[in-house]
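Each of the two chains sits in its own frame; use the hints to bring them together as a complex.
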Amino acid sequence: MAFVQNFPFISIVLSLFSGPLSSVLGGKKAKWVNLAVITLIGAMSAAVLAFVLGTGEPYVYRMGHFPAPWGNEIRVGVLEAGMALFFCVVMLLCMLGGERERALELPEGKQNLYYVMVNLLLCSLLALIYTNDLFTAYVFVEINTISACGLIMIRQNGRTIEAATRYMIMSLLGSGLLLLGICFLYDLTGHLLMSNIKEQVGLLYAAGAYRVPLLVALGLMSVGLAIKSALFPFHAWLPDAYGYSTLSSAAILSSLVSKGYIFLLVKIFFRVVGFEVVRESGVLNILFVFGLAGMIMGSVSAIQEKNVRRMVAYSSVAQIGYIYMGFGLGSLSGVVASVFHVLTHAATKSLLFISASGLTDSSGDSKQIADLTGAGFRNRLAGLAFTVGSLSMVGIPAFSGFVSKLLFAQAAVEGSFVKMLPALLVLAVSTVLNALYFMKTVITLYTPARGERFSGRGFCRIGLWEQPAKTWAMLCLIVLNLILGLTSEPIIELIRDGLAMFE
Amino acid sequence: MDLSNLLSNYEEGVAMLLFGIGFSNLLLHKNLIKKIIGMNIMDTSTYLFLALKGYIVGRKAPIVTDGITSASAYVNPIPSGLVLTGIVVSVSVTALMLSLTIRLYRRYHTLDLDEISTLLKKEGK
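Chains A and B supply the protein sequences, listed in that same order.
Yeah, the first sequence ends on 503 if you go by our numbering, and it's all consecutive.
Yeah, the second sequence ends on 125 if you go by our numbering, and it's all consecutive.
With the rest of the complex left out, here is chain B (with noise of 0.2 angstroms):
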């Protein structure tokens, strides 16, 4: 195993070891809202690996300024718009997994996933 380029890279690692929490956070978690923080953490995770994917040492964001037009001076705007849309996204899925969450919280009175089905066996519909 040859672990300099982990060193070299650590912002990577870092954003793959958040991804991991937060993946396990929304898998293993009972508490919808500690899973959605969770899913909040694995979003923002890959955002920040495609952050860093896109950035180059040196080089500036991809506005024209001082009328250089040479694209070696600027940095891929692909990626950023690729974590704008990814935004979007789990803006959207945050809100709605908040409203089902509300909606669960009315009914049974708990954030327990497993308690909301013990509960709803018994109710035996």
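Looking at chain A on its own, in the form it has when it is part of the complex (with noise of 0.2 angstroms):
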């Protein structure tokens, strides 16, 4: 076993122990802490991913090495391997563009408590990623909602407090319907790693037998996930959520929590229960109606709304959407785009975040888009990256949500006619949607600021490195968009191997 193969159980669990580590240093230390753990674990993940993509097959690690009914595993092929650098990347960068807010924002004494929370997160996505084990699964999913729940509420003001509780409220019932789900299919197969979960269903479903049990089952768990990841109906908490937290942890929920959920649900589709099983059954479709209800309503909400964070944070309602309506299409090039989908929608929104940040420092802190009038000439880093974010989100080509509803638009081309014609318009009617309010705001960013009602706004020119980490992580978003955007190709053709090595 080469040396290498160790590095997905040792990034765990470096996670997991620089948490409470965390909690005993000073707040600088932790900083610190925290962002050695994150690049050293984004380092390790790179190496298991040039292993993996070496070897060309996935790899069974078994904890303790007991052998497979019994024993507890960790699988690793190209796509989790992938999925886990890409998350440290983004990570790395939300907690470096977000420095300067943690700062001013949390209370005096209690930064170190934050960077525990954002070492479990981190821990608890990695084990999402890379676990074989369905019942492990689901303990880390609740690791992750507490600790993102920490993330919301640790800037304390009545707004984060009441966004925290009715997250922690939604997380709970999609957790109490995902154990439930587990339950059953435990009931069902004897087992509990997803290999062997996957081996027992395919021969219960040859056989016929226990049908309904098993739709149940599978509606349970994916229902459970989809709430968790906010789809459209279950989303009421994400506003204020992302709107009033502080910074790094806007960027960082709606970036890699609610992946995390969806990354899950695509090894429960692959890997638990079989694709032929899922596509079957019926549970895509209604993903479908609520991904495609979802894609209209977060950006009617979005329109209507005139705060820039709350803004940015409907657009992920509609862009969650999005990825489950990848999913319902049911076809393999529908889940290849929802996974390039995630990793767009990471790489844009965080940048949206930080940069919408920017602007609002030079514009007196209000974050009223109609104050925000010439921003983008105060703070011209800001504006150049919310524009870049803006022209993504809408899907101008060179951007990488280009390619995503390129492969949205292929993927629901190929599939049946049923849903072609509801997914291609949807997709129409939710762009020019995207781009009333994006291109609304950037128009505003670059409309000069002249005239009585903008004197005494406390505006500000922010130069280039007034705030170099911020303008760094800014930089690197920027340069992540561009690269998935202009050489798709073979990040797609890597998702492609992973789903395949999944099977």
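If you're looking for bench data, these hints aren't it; they were derived computationally from the structure.
Small disclaimer: the values here were computed from a predicted structure and weren't measured.
Built from N, CA and C at the ideal position, the CB exists for glycine as well.
Possibly wrong hints are sitting among the right ones.
SDA-like cross-link-like pairs, simulated, lysine to any residue; straight-line CA separation at most 20 angstroms [what the hints assert, rightly or not]:
no., chain 1, residue 1, chain 2, residue 2
1, B, Lys121, A, Ser366
2, B, Lys34, B, His109
3, B, Lys53, A, Tyr210
4, B, Lys122, A, Glu305
5, B, Lys53, A, Gln200
6, A, Lys306, B, Ser117
7, B, Lys30, B, Thr85
8, B, Lys122, A, Asn157
9, B, Lys121, A, Trp237
10, B, Lys53, B, Lys34
11, A, Lys28, A, Ile10
12, A, Lys440, A, Val429
13, A, Lys367, A, Arg457
14, B, Lys121, A, Asn157
15, A, Lys198, A, Arg279
16, B, Lys121, A, Arg457
17, A, Lys306, A, Ala370
18, B, Lys121, A, Gln304
19, A, Lys440, A, Ile296
20, B, Lys53, A, Val429
21, B, Lys122, B, Asp112
Cβ-to-Cβ under 10 angstroms is the rule here; a few derived chain A residues that face chain B [what the hints assert, rightly or not]:
no., residue
22, Thr145
23, Leu192
24, Ser195
What follows is the structure, encoded as structure tokens:
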């Protein structure tokens, strides 16, 4: 066994133990520990990715060397390692970008607690990516929820506590359903390891036995995870949670936390139940309908919103809708498009949050879109970054959003006629709606602020290197966006290979 | 519809009924404490379901007694293990929810989540 193969396990344990370690360190030291841990885990994930690409096949890592039906396993393929690397990069940039806000907004002496939460969050995300055991996944889903709740409420004001409470309520509903689904599946198959469950489900399905309980289990797990990742009707907590928490929390929550659940759902589809069974069960049709509704309703709410942070938050609802619509198409290319959109959304939404905060800084800390008039001239890089993010979300070629929309459209055309028409129609309408509110904001940014209305608002210029951490974060995220947009071919190939390795 | 299955598995039916009660309490009640109670009912019903599924009539708890080592003498220990893990999770989640409730109550002097939302809108921050 090559030493590299231990890295997934080491990275989970490393982030797990750096959490408690941060709780006894001071704020500054905890920050450096956190940055070092994320960087180190990113490097290890890159090494794992290189290793798996080299061997060309996934490998299973037995925890404690207990053999298959009894022991707990980690399973690593191309997609898992690539996701882990990507999550680390985005998380690092989110932490960098929100550094100044954390120092200003978090209560004195509680800074280190923030890093406890971030480390545990990273641990749970990695575990969700790598684990091959369904119950372990459930436990880490809960850890993910609790640490995300901490990230929302650590900036203490009424809004965040209320948002954290609503978030917890929705998440608990979701995890209750997920747990029940897992219990059903365990009851039917007698296994908790994903590969063993899949074998048994295949046998049951071929024999035509227990069709209804199987359908119920699958439905419970899908709906549970959909609730947790804020699919359309379950998004009430989202705008407050993203709009009023501290910057890095908002960026991490929108770009990573919900994606962890979505990745688990992909794993359940491919590794636990089998995509054929999922496709025939009709559960995907429900996700399809809710995804379409989310694409429209999220954008409609975003258009009505006057607060820039909440507008970007509502746009997340629409983007989650895209992802579930891709699953709902029920074809492999649909899932590939969804997974690519996970990457797109993570890279773009964190860029939008960070640049929006750069713009509000230069506009006297007002978050109202009307007050951002001319902010693109006062903080040039943030203006550019927000424009790039907007163009990517709208789907202009050269940016990552274009590639995912193209993939969605292709997948829709390949699929059945019944789904093709609504998918393409809603895709078009949603794009127009996206363009409406994003372009409106960009135009506001580049309208010169002259006249009485804008005097005495505390407008100020922010130079390129006044906030170096944020500048680096924005530059890297812009580059990440362009990489996803311009060299999408190998990345799509990687996703395809990874999904093939799931089988 | 064949109801004889339901009758012979009425315990599981009870567990599902409790799950429904807990779920709708957590979703629909305005009062935060009642929501938390609902959550606990929901979680407990899942543990009841798991425990029922792990139990086999006439077998003993999986602790070796009187030197009987044959596996057929004992029930499956894994569901009990899962229940224990689940209890740990739900205790910590309950603690977190209660602490959030205390924070909200200290600020707004009410446990009604909708009322808190209206108060927040009035604050207008």
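Status of the hints after comparison with the structure:
A threshold of 20 angstroms between alpha carbons decides the hint, and for Lys121/B with Ser366/A the separation of about 18 angstroms falls inside it, so the pair holds. A hinted pair counts as satisfied when its Cα atoms are at most 20 angstroms apart, and Lys34/B with His109/B qualifies at roughly 16 angstroms. A C-alpha spacing of about 16 angstroms is found between Lys53/B and Tyr210/A, which places the hinted pair at or below 20 angstroms, so the restraint holds. Note on Lys122/B and Glu305/A: the hinted pairing holds, with a Cα-Cα distance of about 17 angstroms set against a maximum of 20 angstroms.
Between the alpha carbons of Lys53/B and Gln200/A the distance comes to roughly 18 angstroms, so the proposed pair stays at or under 20 angstroms and holds. At roughly 19 angstroms between alpha-carbon atoms, Lys306/A and Ser117/B fall within 20 angstroms of each other, so this suggested pair holds. For a cut-off of 20 angstroms, the pair hint linking Lys30/B to Thr85/B is broken: about 29 angstroms separates their Cα positions. Under the criterion of a C-alpha separation no larger than 20 angstroms, the hint pairing Lys122/B with Asn157/A is consistent with the structure, at around 14 angstroms.
A C-alpha spacing of about 14 angstroms is found between Lys121/B and Trp237/A, which places the hinted pair at or below 20 angstroms, so the restraint holds. At most 20 angstroms may separate the alpha-carbon atoms for a hinted pair to count; Lys53/B and Lys34/B exceed this at roughly 29 angstroms. Distance check on the hinted pair: Lys28/A and Ile10/A sit about 25 angstroms apart at the alpha-carbon level, beyond 20 angstroms; violated. A C-alpha spacing of about 16 angstroms is found between Lys440/A and Val429/A, which places the hinted pair at or below 20 angstroms, so the restraint holds.
This hinted pair checks out: Lys367/A and Arg457/A have alpha carbons roughly 12 angstroms apart, not beyond 20 angstroms. Of the supplied pair hints, the one linking Lys121/B and Asn157/A holds, its CA atoms being roughly 13 angstroms apart against a limit of 20 angstroms. Distance restraint check for Lys198/A and Arg279/A: the Cα-Cα separation of roughly 15 angstroms lies within the 20 angstroms cut-off, and the hinted pair is therefore satisfied. A C-alpha spacing of about 24 angstroms is found between Lys121/B and Arg457/A, which places the hinted pair above 20 angstroms, so the restraint is violated.
A distance of roughly 8 angstroms separates the Cα atoms of Lys306/A and Ala370/A; the hinted pair therefore holds under the 20 angstroms criterion. Proximity of Lys121/B to Gln304/A is assessed by CA-CA distance (about 16 angstroms); at most 20 angstroms being required, the pair is judged to hold. For the hint pairing Lys440/A with Ile296/A, the CA-to-CA distance comes to about 18 angstroms; that is within 20 angstroms, so the pair holds. Note on Lys53/B and Val429/A: the hinted pairing is violated, with a Cα-Cα distance of about 49 angstroms set against a maximum of 20 angstroms.
Taking the CA atoms of Lys122/B and Asp112/B, the gap is near 16 angstroms; set against the 20 angstroms cutoff, the hint holds. For the restraint placing Thr145/A at the interface with chain B, the shortest Cβ-Cβ distance is roughly 8 angstroms, inside the 10 angstroms limit, so the hint holds. Interface restraint check for Leu192/A: the shortest CB-CB distance to chain B comes to about 8 angstroms, inside 10 angstroms, so the restraint holds. Annotation: interface hint on Ser195/A violated; nearest CB of chain B at approximately 17 angstroms, more than 10 angstroms.
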